[in-house]
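Peer 1: Based on the sequences and whatever the hints tell you, model everything.
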Amino acid sequence: MSELRFVDLSVQVSGRTLLDRVSLSVGKGELVALLGPNGAGKTTLLKTALALRAPSSGSVLLAGESVAALEPRKRAGLIAWLPQHIRAEEPVTGLESVAAARYRFRESHADSRRAAERALARVSASQYAERRVTELSGGERQRVAFAGLVAQEAEILLFDEPANHLDPGQQQDLYRLLGQMWRQGRSILCITHDVNLLHQLGDAARVRVVGLRAGRLVFDSPFDAPALAEQLGDLFGIEMNCLHGGEQRFFVPRSRSTS
Amino acid sequence: MRSRALLLILGCALLLLGAVLVGPRLEGAQGQFIVWQLRVPRVLVGMGVGATLALVGAVFQALFQNPLATSDTVGTTAGATVGALFAFALDSSRTVQGLPLVTVCAFAGALAGSLLVASFASARRVHSSDILLAGIAVTLASSALASGIQYVSDSRALFAATQWSLGQLPQVGYRGVLLLAPLCTLSCGLLLLLTRPLQVFALGEDLAHSRGVNVPRLRLFALGLGSLGVAACVAWCGPIAFVGLIVPHLVRRLLGASYRTLLPMSLCVGGALLVTCDAFARLIVPGRELPVGIVTAALGAPTLVFLVARGRR
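Just so you know, the sequences run in chain order A and B. With the working numbering, letter number 78 in the first sequence gets 78, and the count goes up by one each step, no holes. With the working numbering, letter number 260 in the second sequence gets 260, and the count goes up by one each step, no holes.
Heads up, some of the hints might be wrong.
[Claimed, not checked] Chain A regions said to be covered by chain B (calculated; three or more residues, Cβ under 8 Å):
1) 76-83
2) 184-197
[What the hints assert, rightly or not] Computed spacing ranges between beta-carbons, pair by pair:
3) A:Glu135 / B:Leu21: 38 to 44 Å
4) A:Asp8 / B:Pro216: 24 to 30 Å
5) A:Ser14 / B:Gly98: 35 to 41 Å
6) B:Leu14 / A:Glu135: 49 to 55 Å
7) A:Arg122 / B:Arg2: 24 to 30 Å
8) B:Leu21 / A:Arg122: 16 to 22 Å
9) B:Gln163 / A:His165: 38 to 44 Å
10) A:Ser57 / B:Leu7: 55 to 61 Å
11) A:Pro37 / B:Ala123: 46 to 52 Å
12) B:Leu254 / A:His165: 44 to 50 Å
13) B:Ala123 / A:Glu71: 52 to 58 Å
[Said to hold, decoys possible] Residues from chain B that face chain A, not an exhaustive set, calculated with beta carbons under 7 Å:
14) Ala134
15) Gly212
16) Pro216
What the hints contain is simulated information worked out from the structure, not anything from laboratory work. Note that CB positions come from ideal geometry on N, CA and C, so glycine has one too.
Peer 2: Here is the structure:
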């Protein structure tokens, strides 16, 4: 398994700083939850890891090599991505959509389809195999996209707000799947707005929570750090309550006075 | 799905056969001559041109992630028009190495227009929408150039240019087939080899990049190969509207959007459609041939409206 490292990374666009000297690593088998207000630079950080956006300075290293220098198929074997918005304009079936994620493998179409069937079964989405993705709901489409991520068989997985547009049940299911992949040894960097969903991963105490604001890393704490509620409150500029339910802690924004 | 595809192939084969046989009753040596020396090569040219335009349309729609993208979008047709106008303004009766000057100039213009856009597309960090804008810019610049040439041309050249711009399958015999076939075969054959990366690309440009597709290389190859085939077609026949736009949508609606089906079936349906339209153009006005471009445009516009209306339901 490989390591993902952002070293003193800055990204500037038209004189605007999107990322400012960010240094962060996602070690082998680690799960890092990335939080921050809208516009903090979270998605930009993920895109630099995929060589979709070039750094202005600093570097992104994947398995010790600069991500920009990696051959595309080799890079796809190291790192995969579930984007925030799943494009569904082509009326391909769920199976074909997942089979497309096997591009990095030089294999026959039949082999790709078999692997796609296995991936769909793994995320309990076999029922969408023959349905067109254009006809699926947001949650169903997200599950098919997740199957694509499974089918790609990369070592490091990037998630960009994967629970967006899902109902609470679907959110929990998705984070459970994410936890399964983590326990199987994948390294994961996941953007989320709801830190409480991390409980669904199964071993939340091992999760690192990283805060990003205005392109800068402002904290990097374990999920069970006592100061996390305060750090989250500072990050979003709100007051955050920490409630205890059994052995778990839940973070709830304190309601603002309306008067 | 497979049986539907087979039915469609059978239908295309029947249309091609019908296009050779349909028309006034032919007998004797003269009939043999008309069928084998005029109609068959014309049908072969129509097949090649229609297949290439339709396949390139399907490829460009994936490449630009835009359902309205065709070879017209990337400056190929506009470049060809400038070349053809230039030739008409000079002297359209001239030949170069036995080829009509109009064909040679239109081919050179088409390649020049595409090359400008392709050189922009080869840049590492441009998005498909940027290339589309570059294509529109080349098209507008070509239109300005074409207007300038038209302004200084005489009425004879203008009339010839107008006829050329309607799009017509020419009576070029087997020599025309032999000149067109290598370029169309090369273009279409190599584009079909890009089926797998195009399928991944069609699901999203950034996602394709993350899945291991070399996006700048794919864009450059697809754009270059597509433009080569279309340049050859436009040079011979003039701009033929709607085939590249309509056929991929039609196939997608009938057989789905798997590129393993979409690309080869666009090839088949495009060839059959253009040949059928040409047969129609030969017969619709007794004693006179309409340019096939008029028929494709007349059929294409309502078909597009129908497809859009069906798609919204």
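Peer 1: Now tell me, hint by hint, if it's right for this structure.
Peer 2: For each hint, the structure was consulted:
Judged by the Cβ-Cβ criterion of 8 Å, the region 76-83 of chain A is covered by chain B as claimed, because 6 of its residues qualify and three suffice. With 0 residues having a beta carbon nearer than 8 Å to a beta carbon of chain B, the region 184-197 of chain A misses the requirement of three or more and the stated coverage is violated. Checking the proposed 38 to 44 Å range against Glu135 (chain A) and Leu21 (chain B) shows it holds: the Cβ atoms sit about 42 Å from each other. Between Asp8 (chain A) and Pro216 (chain B) the C-beta distance comes to about 27 Å, which sits within the given range of 24 to 30 Å.
Remark: the range hint 35 to 41 Å for Ser14 (chain A) to Gly98 (chain B) is contradicted by a beta-carbon distance near 55 Å. Checked against the given bound of 49 to 55 Å, the beta carbons of Leu14 (chain B) and Glu135 (chain A), roughly 33 Å apart, lie outside it. Between Arg122 (chain A) and Arg2 (chain B) the beta carbon distance is about 28 Å. The supplied range of 24 to 30 Å therefore holds. Range check, Leu21 (chain B) to Arg122 (chain A): about 56 Å between beta-carbon atoms, so the 16 to 22 Å window is missed.
For the pair Gln163 (chain B) and His165 (chain A), the beta carbons lie near 55 Å from each other, so the given range of 38 to 44 Å is not met. For Ser57 (chain A) paired with Leu7 (chain B), a C-beta distance near 60 Å keeps the hint of 55 to 61 Å intact. Remark: the range hint 46 to 52 Å for Pro37 (chain A) to Ala123 (chain B) is contradicted by a beta-carbon distance near 33 Å. Range check, Leu254 (chain B) to His165 (chain A): Cβ separation about 31 Å, and the 44 to 50 Å hint is violated.
The supplied range of 52 to 58 Å is broken by Ala123 (chain B) and Glu71 (chain A), whose beta-carbon atoms lie about 19 Å from each other. Because the smallest distance between the Cβ of Ala134 (chain B) and any Cβ of chain A comes to about 20 Å, over 7 Å, the interface hint for this residue is violated. A distance limit of 7 Å between C-beta atoms decides the matter here; for Gly212 (chain B) the minimum to chain A is near 3 Å, and the interface restraint holds. Look at Pro216 (chain B): its Cβ only gets to about 10 Å from chain A, farther than 7 Å, so that hint breaks.
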